[in-house]
Amino acid sequence: MALAGITAAAAAVALAGCGSSSSSGGSGSDDDKKIKAALAYDIGGRGDQSFNDASYAGLEKAKKDLGIDVREVEPTDGESDADKAQRLGELARQGYNPVIAVGFANAPAVKEAAPKFPKTTFGIVDDASVKAKNVANLVFADEQASYLAGVAAAKATKSNTVGFVGGVETPLIKKFDAGYSQGVKDTNPKVKVVKKYLTQPPDMSGFAKPDLGKDAAKGQLDQNADVIFHAAGGAGNGVIQETAEADKWAIGVDSDQYEQKALSKWKDQILTSATKNVSGAVFDVIKSVQDGKPQSGVVRYDLKDDGVGLSDSNPEYAKVKDLEKAVDEARKKIDDGSVKVRTSP
Amino acid sequence: MKRFDKERLLLGFAGPALALLVAILLSAVVLLASGKNPIEPFRLMIDYAQNVDIQVLIINQWGTYYLAALAVAIGFRMNLFNIGVDGQYRFAAMVSALVGAKIALPGPLHIFVIVITAMFVGAFWAGIAGILKTTRGVSEVVSTIMLNSIATGLIAWLTLPAQFGVQPEGSNNLTTGMIPESGWFPGLKVNDLAGDIYGFVFVAAGLGIVYWFVLNRTRFGFDLRATGASESAAAASGVDAKRMVLTSMLISGAVAGLAGMPVLLGETHTYSQSFPVGVGFTGITIALLGRNNPVGIALAALLIAFLDKASTALDYEGYPKEIATIMQGLIVISVVVSYETVRRYGLRRQQSRVGEELAAAAKNNREEVSV
Chain A
1 MALAGITAAA AAVALAGCGS SSSSGGSGSD DDKKIKAALA YDIGGRGDQS
51 FNDASYAGLE KAKKDLGIDV REVEPTDGES DADKAQRLGE LARQGYNPVI
101 AVGFANAPAV KEAAPKFPKT TFGIVDDASV KAKNVANLVF ADEQASYLAG
151 VAAAKATKSN TVGFVGGVET PLIKKFDAGY SQGVKDTNPK VKVVKKYLTQ
201 PPDMSGFAKP DLGKDAAKGQ LDQNADVIFH AAGGAGNGVI QETAEADKWA
251 IGVDSDQYEQ KALSKWKDQI LTSATKNVSG AVFDVIKSVQ DGKPQSGVVR
301 YDLKDDGVGL SDSNPEYAKV KDLEKAVDEA RKKIDDGSVK VRTSP
Chain B
346 MKRFDKERLL LGFAGPALAL LVAILLSAVV LLASGKNPIE PFRLMIDYAQ
396 NVDIQVLIIN QWGTYYLAAL AVAIGFRMNL FNIGVDGQYR FAAMVSALVG
446 AKIALPGPLH IFVIVITAMF VGAFWAGIAG ILKTTRGVSE VVSTIMLNSI
496 ATGLIAWLTL PAQFGVQPEG SNNLTTGMIP ESGWFPGLKV NDLAGDIYGF
546 VFVAAGLGIV YWFVLNRTRF GFDLRATGAS ESAAAASGVD AKRMVLTSML
596 ISGAVAGLAG MPVLLGETHT YSQSFPVGVG FTGITIALLG RNNPVGIALA
646 ALLIAFLDKA STALDYEGYP KEIATIMQGL IVISVVVSYE TVRRYGLRRQ
696 QSRVGEELAA AAKNNREEVS V
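These protein sequence lines are chains A and B, in that order. Residue numbers for the first sequence follow this note's numbering, so the first one is 1 and each next one is one higher. Residue numbers for the second sequence follow this note's numbering, so the first one is 346 and each next one is one higher.
Bound conformation, chain B alone (with noise of 0.2 Å):
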């Protein structure tokens, strides 16, 4: 029992590792075809990577990443595809800003006020579509990239400044206006030129924890993971499959509504037109290329924001940056690629040690037989 767990964890890193070469490699080769010194663009972006300001910018990045990716993988966990972190992300950020905004309390309430309202607009949003799906069986793929549409709609009208936008003189931008300072989130100071590192990434460092725990350590946990790998085989041991999916849609986008926290809390304190979009979808990236484990999330999420912020190089050396968007690209189609791989792989090597004892059995078998 214990050599087979070995050799689970090994085929575990093999897929990532095997993903992650593969995609360097082709990188280099699109590099080389647009006639581009193949290996200059990544010691660069290794070289740049080495500046404190960098490395604060790839940890901030990083606390809204893993949020982000632990949404989408909570819902992977139960085998539903949840589409809509983004919007429920966006959502939730510009309702809670709104509030934020409106209300002042002492420090710690309010920020804690903040944060309840994006986890409950957050699992309000996602709840819409896991309601759908367990009364009327829509698919949630289809519902949560339509609610995404709604969420924008929605939020541009809200921001207008008939409803609660506010214009600063001279702005062409729109925002729900400033939270006041009481609930800024505070966050640790490196030095003058880096900034500060976002206080909410060491909550999204806590969640990771919470995450594994609760999946691994809890009965809703074992519900869960069962429920997802086989919904009749879980009702008949009596859990309750239309409850799962209603309570994991909600929880995933409760934990979507967080993402916006860091960003919101840390640094821009208003939910304005330039707020960052799209990160609910580089979240489905990571929560892939991670396997849905805490630590494998938290991996793949440094190495996007790497590629995000160091990239940033390149276009100081006369290097296209969208090298890096590419090999997010890569990445992406190489590790469902190396990942079915390493699957069959460890099928095959499964079934032919389980064929070769049968095989021994039967010949002993056979031998006492004759015997």
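Same shape as in the complex, but just chain A (with noise of 0.2 Å):
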């Protein structure tokens, strides 16, 4: 526990861009109106290196930059629906506003908590079942960054063949398998695209487990791949070492993997990462209560506003030869609607 709790303050440290945190917050100043903002995080909790770790990036940037108070609170395993919404309400209760909730996994929670709490805002982090004035449904358009990410994969590729490793099977992370062989299909149609699923739900160790992540990599290096991307949160580190150590190339999630330090090893060989701004968008919640301009409704995240993205740090990334000019027409013609990335494969 300890050593995961480690692993998630450096990852959210890296996530935030900034150097050391651990302020203490709340400077005290009560004269003007003071917010509270509290974090609910989904199984896994923080250290999974992936949502909750980003989400927990954006609760600190907003105690740091904004100054407020800040609550994280985990579940339970084994619970249900019903601790998951007394959880949310108690959080309200206690005057934290807004209630974020992570994951798809506390939709029905969100929807029972939120109409006993009119005046809190409840923001809910890759779900938009749940419609209510007082939510703000936080969605990423995780397709858009995937399909950048195989339109890379089909351009850097020499043996025409390019491997998914997704962490655990859930409609949300076919989302990014459904945009990235769409990607790779639209841009080389010769191009075989060999998938990985690490884990069936509720099985969620494939998000966590990087051995996992590492024979699967293998397989499909052995499968001659030699271009990996992979959704799989913590135990994608296994992919992206199996996969450098093979001297082929990675793709990264979430964040700019690139960057991560406790990726450095095997930077150079991370060509992208396609990245998705959770912690953005939990700051941009959090600012817009204490601004007394609440968002409510589908908040969407895309390309166009970057809020989800394909990274260009390793410079590698612009000597792969087209592979840039391919990526900026691909995101112009999502931007301009000529390309419909699919959400399910």
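Hint data in this document are derived by calculation from the structure and do not stem from the laboratory. All residues carry an ideal CB built from backbone N, CA and C; glycine is no exception. Where hints are given, some of them may not hold.
[Claimed, not checked] Incomplete in silico selection of chain A near chain B, CB under 10 Å: (1) Ile43; (2) Asp81; (3) Arg93; (4) Asn106; (5) Asp127; (6) Ser129; (7) Asn137; (8) Asp186; (9) Pro202; (10) Met204.
Build the complex: two chains, separate frames, hints provided.
This is the structure in structure tokens:
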């Protein structure tokens, strides 16, 4: 647990893109209207090196930049929707506003808690099924970023075989799969995509265990893949390691993994990353409440406003022939609507 | 004879009490070692559990845990280690949720069909392990663990949109579709904030009584306990041991199937990817702690449910709620150690008493001879 905590903190710092953290926050200036923000994690909690951690980074940023009090709560294994709803309600009752719930599993709980506390803004990450005036649905066009990753992979491959490693076979991860596969095929129909999901729900270890990622990557390398894109949270670190050690390209996910300290040993082989600005979305909700104009309804983060994107920090990225040009063209086509990216394979 | 029973009862209580005490002390040590106040978290949890909404959550969770633990205990009494309760529970919940969503029947009948389906599916899944054991001698520990994994894969496949899955608009979840309102088990409304106590919790409590009755007051219960204690001795007295293995596995699975009903019928009304997992494993802890006794299991389930729900308070006060998880782990270890310690102590006492009686008898004999 301690180790997970440390890596979580490290990842959070890296994601927030700031140096040292651990400021005690809340300067105690009570004269201006002060808000408190709370974050309720999905199963896995902080330290998952995926969206829980990214949300935490957004919360930390709000604490530092806006000087507000924050609180984070974790779920218990085996709990039901009622437990989640009680927790969200309790946070609202204690005066936390906004209360942000991470992950689709919290949707029924938000649906139950939101009407009971109409003055509190509830944020929910990765769900657009719960509609209410005081609910902000923070959703991401993961498939668009993945499409660009597919374009990059199709341009970088020499063996005409590319890989996809998904963490857990959920509809969310299938969005990454769908976008990526479409991006590859649209760029070069001759390129074959090999796919592997690490675990099936409710076994969420596919987001957590790097050894599973390593094995999957090894299998795909044996099938001649020379670019592998992962959407597998912490397990993806194993994908990157295995791929980099075989001197092939890895494509990261969620944050710009080229910049991640934990992966610095293999960063030269991290071609690019399909980014997803969860921390920014969490920060935006908190800021909107502080500014007195709370977000409401579906807030969609896509390519146009850099809510999702493709990173280019690795110098090798610019050196691959035609890659940048192809990605820019694809980006334009998605922007003007001439390419519609599928959300399920 | 009376005196001996009282002592046994006392020793029976000493085990769990000692375990709990040791677990609390060790948790306090863990807290101290991490530089936290060692007593405050316990006070916070007890305070938090005074709230009505938390009490409702504890009671509702109790129902699920009690059923899961009964399922495990039935196996234990037969000397069978059914680790597959979790898989039986999930598979039963999924299939019964699906059946419930596809049919429309008048109220009680609709619920009845869902419950029977769950029992049947749970029994079927456990029965596979039972048949493997009786016909091929496969250890149920191995087969039930494997069946857990198979259940995971099977559920994942069945709930894909291509099969029976339903993905609600705008959601990233997969469900089996909503059960119509006629298939909802009415609950006991406490108040608006706290919500309902699931009606099925009372069914769970009733099942505890059935468990006690069947095990202690029927021929079948006697055969089961006898076979659990010594298979060869039971066989010698005319019990078909293989048949008992299979039957108890089927019953264990059927009860495991019921464990999903409180949540399914009382709250979610659908099986989704966020349906509670790991319930079967918590059931093992509870059955161990409760010594397979229906009252003991009830108390143990209450304790674990309390730790689960009240530990939320720790997050609000800046304590890591993992303390509760650590404590649950410590309870399991302490239980095993303290039961063994108490058992050995009891055995020694018994031996020394028997020794004394024999010595006294021998002395009497000698005196009689010498006289």
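Taking the hints in turn, this is what the structure says about them:
no.: 1; hint: Ile43; result: holds, 8 Å
no.: 2; hint: Asp81; result: holds, 6 Å
no.: 3; hint: Arg93; result: holds, 9 Å
no.: 4; hint: Asn106; result: holds, 8 Å
no.: 5; hint: Asp127; result: holds, 6 Å
no.: 6; hint: Ser129; result: holds, 4 Å
no.: 7; hint: Asn137; result: holds, 7 Å
no.: 8; hint: Asp186; result: violated, 24 Å
no.: 9; hint: Pro202; result: holds, 4 Å
no.: 10; hint: Met204; result: holds, 9 Å
In summary, the one numbered hint that this structure violates is 8.
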